[in-house]
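Enquirer: Chains as they are written, first to last, in this note's numbering: chain A, 19 to 367; chain B, 19 to 367.
Just so you know, the hints here were simulated from the structure itself, not pulled from any lab data. Some hints here could point you the wrong way.
Intra- or inter-copy, both count: the list cannot distinguish identical chains.
[Unchecked claim] When the alpha-carbon atoms are kept at most 20 Å apart in a straight line, the in silico SDA-like pairs for lysine to any residue are as follows:
{"hint": "1", "residue 1": "Lys-301", "residue 2": "Arg-349"}
{"hint": "2", "residue 1": "Lys-301", "residue 2": "Ala-348"}
{"hint": "3", "residue 1": "Lys-301", "residue 2": "Arg-60"}
{"hint": "4", "residue 1": "Lys-301", "residue 2": "Gly-291"}
Since this is a predicted model, take the numbers as computed values, not measurements.
Protein chains: 2
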Amino acid sequence: MHLVPDVLAGGRLALARLLSQVENDTPEGRAALNELFEHTGRAHLVGVTGAPGTGKSSLVNQLARYYRQPAQGGDPRTVAVVAVDPSSPFTGGAILGDRVRMRDLAGDPGVFIRSMAARGSLGGLAHATASLVQVFDAAGFEIILIETVGAGQAEVDIARLAHTTLVVEAPGLGDDIQAIKAGILEIADVLVVNKADRPGVENTERALRGMLQLAHPAPRVFRPGSGVGHHGFSTGKAAEESTRNDGTEVTVWSPPIVRTVATEGDGVPELVGAIARHYEHLKSSGDWELRVRARLQAELDALLRDGLVARWRERLPHGRYQQILERLLAREIAPRQAVAALMDGNPGE
Amino acid sequence: MHLVPDVLAGGRLALARLLSQVENDTPEGRAALNELFEHTGRAHLVGVTGAPGTGKSSLVNQLARYYRQPAQGGDPRTVAVVAVDPSSPFTGGAILGDRVRMRDLAGDPGVFIRSMAARGSLGGLAHATASLVQVFDAAGFEIILIETVGAGQAEVDIARLAHTTLVVEAPGLGDDIQAIKAGILEIADVLVVNKADRPGVENTERALRGMLQLAHPAPRVFRPGSGVGHHGFSTGKAAEESTRNDGTEVTVWSPPIVRTVATEGDGVPELVGAIARHYEHLKSSGDWELRVRARLQAELDALLRDGLVARWRERLPHGRYQQILERLLAREIAPRQAVAALMDGNPGE
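Okay, chain A solo, but in the shape it has when bound (with noise of 0.2 Å):
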């Protein structure tokens, strides 16, 4: 079955059974993102990550909630949540969370809701939400929250999808920053405060603060050629202007901190809003073209060597790698040793 052009003119079934071939990696959707590919580059790809207790998937709720019905007589926005648990393959969480969610929203054609538990990898869990993401944008989402667990690797490549990035904390877990890691505050555009209304909430702040201008003294401001794959940003120090290496101004991003309270919607249209500035300030400074440079030459550079390794060891004879393997724990070998005989031994490549 062809889904690809029901899914472009907005069918939901069509959409549900693509993403599914999608997320399995079969050929008719590896088919399909082929075809899909040339209608990206039009959503808003906003990564939300914190750690469990944060409240997390209440504030997703609420933003899609509020992308829907914007206060004020806003446009509402079509929005697509693909939320991705790299740690809970055995619970099943994703499929009751998708439940609570779907009451939640339900019957309303503008949202899509799709969860993902964990792959055989971390490489392949950021892949496949890669590939989820862009089968939404091409189906016309303008908006996609991308909501990760935890604070780790994982989490980090999967917000790298993202042109905004959100990274929510919360008051009252364990040391009040526990939850508070230098890797995941490197990555957020946007820091939430959630469940604000409980105490200690200026603390959670006063830390954020701190290790915000702790972590990163220097102000925020795009390195070009930094590496693939590295977005090449640190956030730090209020400053509106600097200077890049080629002696062009840039307008500087800092991090703003937003107080929410997802259950009751109190901070969410703040919350927006600081989305809405931040994409401006992406488009305006053209750090939305090297974002998404970045972004489609990581992906390029990772699909070419799983491609090359791939290809090299379907060629190689059954064992050679084991073989090889035990000479280098013998120290027969050595490491480099190892590659020219695991190269070598396969000389049509």
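Fit chain B to the known structure of chain A by using the hints.
Expert: What follows is chain B alone, placed relative to chain A:
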């Protein structure tokens, strides 16, 4: 000049020269690594990481000094130090640090200290560190202290080189636990609270205990087959025995917390004791072999990926990659189509 025999015979000048060749990845350096590899595998590799300001360098100095002159008539051990600073290619801090260290331990042929500033890439840094460690190992140094600054992916990668990883904290750094990151705690075999004569040491230690329990409720058990380049360990609650997936009993390591005042040498004998106990644990539980296997296989796979990509790039017509990338960015072709075009553009592959 052929340095390998002199290095194996304990020549310091030859060692210094070979380390430079290996660090600069010269053909001579690569050839020497191949020759030396069969002599590796004897040293105890101890990683030491932690945020700036924790007094990590002083601690490493004191550890080296203690290994050279142990109390209570223990045998002195030969010590090499590899100090890695991924963040400061420009400060020259590594070199200044060297001088201070050198003065402290000068004239003792049983100690060798080598600093390394950042390389082009984090992967390159981890690889260069691994190579230096192999040289020291082959040269017969018994304890190799690998010191890294910070708590990012680079530090985690470098810590994976070690058999035993120390994570150093200190009281009074901002909000006491600002320096603590979950990713770093996951790799800790021994936690050190340095500057333990400062106020707030109880808070820091309590926070560490809480973090250990919050972050890792599961007992620390090796999970076989959990993937190349991943130790497959999780740290956690005190538990002395557990059961592997295959049903065999294993001794479980519960990371101890050791207080030190490095400037005074306080706590250093206890820390050396904890390192020795971890060594015994690794040897008796079989984890030593598992860690060595994971490390060498990860090194093999990384070199193999790099080798395949490098060979492919060599054969790629000039300008082809950029041309395909621009078509991808213009969304004329999809990522997988770009990969296919790049791989097919190389019929010899």
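Enquirer: Confirm or reject each hint.
Expert: Results for each hint:
In this assembly of identical chains, the alpha carbons of Lys-301 and Arg-349 lie at most 20 Å apart only when taken from different copies (19 Å versus 55 Å within one copy). Taking CA atoms no more than 20 Å apart as the test, Lys-301 paired with Ala-348 passes between copies only; the shortest distance there is 17 Å, against 56 Å inside one copy. Taking identical chains as interchangeable, the C-alpha atoms of Lys-301 and Arg-60 lie at most 20 Å apart only when both belong to the same chain, with a minimum of 12 Å there against 56 Å between chains. For the homomeric pair Lys-301 and Gly-291, the shortest alpha-carbon distance inside one copy (15 Å) is at most 20 Å, but the shortest distance between copies (57 Å) is not.
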